[in-house]
Amino acid sequence: MNYPVWDVLFGSGLLIALVAGLHVFVSHFAVGGGLFLVLTERKARRTNDLALLNWLKAHTRFFALLTVVFGAVSGVGIWFTIGLISPSATSDLIHIFVWGWAIEWVTFFIEISAVLLYLYGWDKLPPKLHEWYGWIYFLAAFSSLVVINGIITFMLTPGSWIDVHKFWIGFFNPTYLPSVFFRTAICLALAGIYALITASVQKDPDLKTRIVRWGALWTVPSLLALVPLGWWYIHEIPASLFLSARGPMPTATHFASLAWILLAVTFALMLLAVFTPRRLHLVFALLVALVALGAMDSFEFVREDVRKPFVIENYLYDNSLYASSMPGDGGFTVDNLNNTGVLHAANWINQRNLTAGNQVEVGHEIFRVECQSCHTPNAYRGIHQLIEQRQWDPASVSAMLTGLSLMHNGVMPPFAGTDAERDALAAYLNSLQTITPDPSTFTNGKLVFTNQCSMCHQNQPDDPLFSGLDPNPQVAADSLKDLPSLFPLMPALKLNQTQRTSLVQWLNTQRPAGKPGAPPSSAAQGGN
Amino acid sequence: MIHPGVIPTIPAIDPNPLPAPYWVFKLLLLVTFYLHILAMNLMLGGAALALLARLTSSRHPMRSRIFLDVAKKIPTLLAATITLGIAPLLFVQVIYGQYFYTSTILMAWPWFLVLVLLIAAYYGFYFVAHNGKRRPGAAGVVLFLSLALVLLIGFIYTNNFTLMQTPARWAARYFADPSGWNLNLADPTLIPRYLHFITAAVAVGGLLLVLLALARWKHDPEYAAYIFRFGGKTFEYATMAQFLIGLWFLISLPRDLRMLFMGDNPIATAMFGVGVLGSLAAIFLMSEALRRQNIRMGAFGVTGVTAAVILCMSIMRDNLRDAYLKPYFHPSQFAVKTQWAVFPLFLGIFIGGVILWLVMLRRYGLFTSTRPTEE
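Chains as they are written, first to last, in the working numbering: chain V, 1 to 528; chain U, 1 to 375.
Treat the hints as calculated values from the structure; they're not laboratory data. Each hint should be verified, as a subset may be incorrect.
Claimed, not checked - Here are the computed lysine-lysine pairs in the DSS-like style, where the Cα-Cα straight-line distance is at most 25 Å:
#1 V:166 <-> U:337
#2 V:166 <-> U:26
#3 U:218 <-> V:57
#4 V:128 <-> V:166
#5 U:72 <-> U:218
#6 U:218 <-> U:73
#7 U:133 <-> V:124
#8 U:72 <-> V:57
#9 U:73 <-> V:124
#10 V:124 <-> U:72
#11 V:57 <-> U:73
#12 U:337 <-> U:72
#13 V:166 <-> V:57
#14 V:124 <-> U:218
Stated by the list, open to error - Reference listing, derived: stretches of chain U covered by chain V, where coverage requires no fewer than 3 residues with Cβ under 8 Å from a Cβ of chain V:
#15 15 to 28
#16 112 to 123
#17 174 to 183
#18 308 to 317
#19 339 to 349
Just so it is clear, CB atoms sit at the ideal spot from N, CA and C, and this is done for glycine as well.
Extracted from the complex, chain V is given alone in its bound form (with noise of 0.2 Å):
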């Protein structure tokens, strides 16, 4: 809208995925990690346990490789990635809150250098004086947890900043607190799982088992801990939000259910190795690793599927739009392109009129700015295999582009543009390829279901396509002729008779038993 949109074949979401993915594990682990680090320093000097101390410094330079340079610059590369790739969004985030990002790089800077002079001095430095750089470097990186996850709930659930626009109301939002703990326990369990991996190549059995136990007792509780946590983080989300998890494609409740799992696994494996310590081996304790990299993924990944369609929830869009408009938006609105037309409204549009001869370039373009944050053409989330998969035909398309928002309850923003752009748009998604429903799906209702009605209803007796229709098969199969009448937002879909006939009758044996007709649809109706 604002800014060009960054043209990434394969989809630009996947990129902040691997890098942020990434990131995430190192980062947690560099809290955690440099908790371990001094908590183990003392333990190994007050029992004199010199084996497990000498340890310790080569788990000292592993942590200090691991996460000053990939750390560090993986963290500025999400920086990078969503700047490229949600550049309004990065910039409402950097206005709002540069005090906050500026404050945390002071911890940042002081985290860097108190690392590094923990890792030269082990030779060099008193003990007592070693451990205070031990500290220092524990207490700034946390507190640069503290300050970023003020910014990353923000996005999820601003709470009354939408209406104050208050730093520290944003700041402390409802998922503040929650997600403090929920991460920081993430950090401490992280901690024992990466001990594993340099103890597993220390040759001493006894030390070995030492290690994993001393892991074990930073891994389990937290691991445990993540359960009420988890909850509690959930709880202060609000259900609206959740929606989308409930709907046709509940990508995010597979991903929650996934970090849930894997969570486990991850408890299983370290147990495992809590009873076995002697015979640890690198693969294994590689595995772990991996495994709890795709439960802590996974939960992030949970995070980032129910806020859409916002970036920052409820109030930027992720295709840059703002939900509502507001001095300064620059005409980057529902509404605004509504009335005044994408083309004209958005900046970095090439061709500004739209003629009989350019409707697919035009669309084209419309697809890029409005549905290429979310979508390629063709390959993550690709819309051709999207539209193939439903087998809608061009009119089809052009009708669900007034639905989008309905969808999947609520994955995506409106289509905002003019009758015209929009059927350019349906031209453009038409033009990755025509499709003519095969005639034989006409006659199976459920697939019509599933093709035409299920991306907004659900295969549930109380969604209103089951109670709101008329009990009267023929009736009903009438009144499908014209789905806006039945509910004005509905796409105006032009079923054939087959299709209609099959689709109520299918419709039919869904209903509960020994309820032949509509259940009374006053309910539904009082609803509308």
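Following the hints, complete the assembly by docking chain U onto the known chain V.
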């Protein structure tokens, strides 16, 4: 089609006001950029001289010591470069976001690749620092590769920061290729500007050696005298070359912008004057210091003058950007609403952080001569 010459598409400023007056960010940007560029110069120049020393070490045995000595410092200098670079990257987005994001998107892939190149270069430098002695051959090759990568990163940065200030070039580029592979190669200032920065880094790398000579002066006079000479000469030659390259850069600028430094803008002209005279003074001072074998004069005198010259150059760089953007950008475009509830907290943490940092260095013994032995 948008024709070149038509008013370019400049993104609008977002609805959120600046959380402090414009000049606060401008000042922070200038100061932190200056620190970043100092660290970058030391890192890049150090790496370049370490490589030079490594390549010529068969004829000059002393130089393999230089190689080992300097190579050990590079990872820490790179850490400083990155850490100090984050702040100006933040502040440039605060006040020049519309320009910055747009040009990065036009060269999205190279910009994204910076991350990959940087991680590779960084690990490479660590490899060299740890293996320089045991495996000098491999370390030399890796040092060469890592240096090439950071040079490439610098080149990408120069592309971005020149493209950012020439909005008239954007639309045609973008619509010809929206896939993020645009560099700014057609800009006549690109190459001289880049070389100007790189040559400065080499000169500062020479100063790094002079500073090392100062630290080694007492314990290891022979080696110290050698690196004093090696570093000092490098500094002199690089700074002399800088006069030619700087002239080239100046000539490559559009006339009205060039005139900024030649009278049109008093501050820019003053900075330019001080910069040129300072560079001359630095060369002179260095040759005097070398002639008299006066390491303090070389280390403190020349470093001080050079630091002042680099400050002038940083301010000129900023003047130039604002002049480029003058047709589009004006600070009064910003709505300002100072966040008094958090801005003082930042200042407090910032000052506290600097103090803590100094204490950390002091307790480590970095400020005393009884410092722990070098690693």
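Restraint check for residue 166 (chain V) with residue 57 (chain V), where alpha carbons must lie at most 25 Å apart: violated, 45 Å
task: Could you grab the alpha-carbon distance between residue 166 (chain V) and residue 337 (chain U) and see if it respects the 25 Å cut-off?
output: Judged against 25 Å, a Cα distance of about 11 Å means the pair holds.
- prompt: Taking a Cβ-to-Cβ distance below 8 Å as contact, does the stretch 339 to 349 of chain U have at least three residues touching chain V?
  reply: With 7 residues close enough to chain V, the hint holds.
field: Check of the stretch 174 to 183 of chain U against chain V for coverage (Cβ-Cβ below 8 Å, three residues minimum)
entry: The restraint on the stretch 174 to 183 of chain U holds, since 5 of its residues have a Cβ under 8 Å from chain V and three suffice.
- prompt: Are there at least three residues in the stretch 308 to 317 of chain U whose beta carbon sits under 8 Å from a beta carbon of chain V?
  reply: violated (count 0)
query: Holds or violated: are the alpha carbons of residue 72 (chain U) and residue 57 (chain V) at most 25 Å from each other?
result: holds, 19 Å
task: Verify the proposed pairing of residue 218 (chain U) with residue 57 (chain V), using a straight-line Cα cut of 25 Å.
output: violated, 32 Å
- prompt: Can the restraint linking residue 73 (chain U) and residue 124 (chain V) be considered satisfied, given a maximum Cα separation of 25 Å?
  reply: Cα-Cα ~17 Å, so holds.
task: For the pair supplied as a hint, residue 166 (chain V) and residue 26 (chain U), confirm whether the alpha-carbon distance does not exceed 25 Å.
output: holds, 23 Å
message: Need the status of pair residue 128 (chain V), residue 166 (chain V): alpha-carbon distance at most 25 Å?
response: violated, 43 Å
query: Given the proposed pairing of residue 124 (chain V) with residue 218 (chain U), does the C-alpha separation stay at or below 25 Å?
result: Holds, at about 21 Å.
message: Between the alpha carbons of residue 133 (chain U) and residue 124 (chain V), is the straight-line distance 25 Å or under?
response: holds, 21 Å
Going down the numbered hints, you'll see the structure goes against 3, 4, 12, 13 and 18, while the others check out.
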